[in-house]
Amino acid sequence: MSKSIYVTTQLTTKPLKAHSLISNLIIILGIIMIFNGLQGEGALLVIVGIVWQTITRFIIWWNHK
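For what it's worth, the working numbering labels the leading residue of the sequence shown as 1, then goes sequentially.
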C-alpha cells in the first residue's frame, strides 16, 4: 500500500522574510560584539534579535496558508 506524500510551500511575504533576516543579522552582530569585549551592548543586541525573531516566527506561523 503506497501513501501519497504532499509537499506544501509556505507563502511568506517579503517583509516578513526581511524581518527574519534582519533579526538574524542583529543576533550575529551581538555575538561578534560580545567576543570583541562589548559584553553589555552585545548581550542586549542578542536579546533584542532573539525577541524580534520569535515575534516574526510567530507572525509567520499565524499567517501560514
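The reader is advised that the hints may include incorrect statements.
[Said to hold, decoys possible] Ranges of calculated distance between the beta carbons of each label pair, as one might list FRET restraints: (1) I55 to I28: 15 to 23 Å; (2) F58 to K14: 27 to 35 Å; (3) F35 to K14: 26 to 34 Å.
No lab work stands behind these hints, which were simulated from the structure alone. Built from N, CA and C at the ideal position, the CB exists for glycine as well.
Do the hints match the structure? See the list:
no. : hint                   : in the structure
1   : I55 to I28: 15 to 23 Å : holds, 18 Å
2   : F58 to K14: 27 to 35 Å : violated, 18 Å
3   : F35 to K14: 26 to 34 Å : holds, 32 Å
Of the numbered hints stated above, the single one contradicted by the structure is hint 2.
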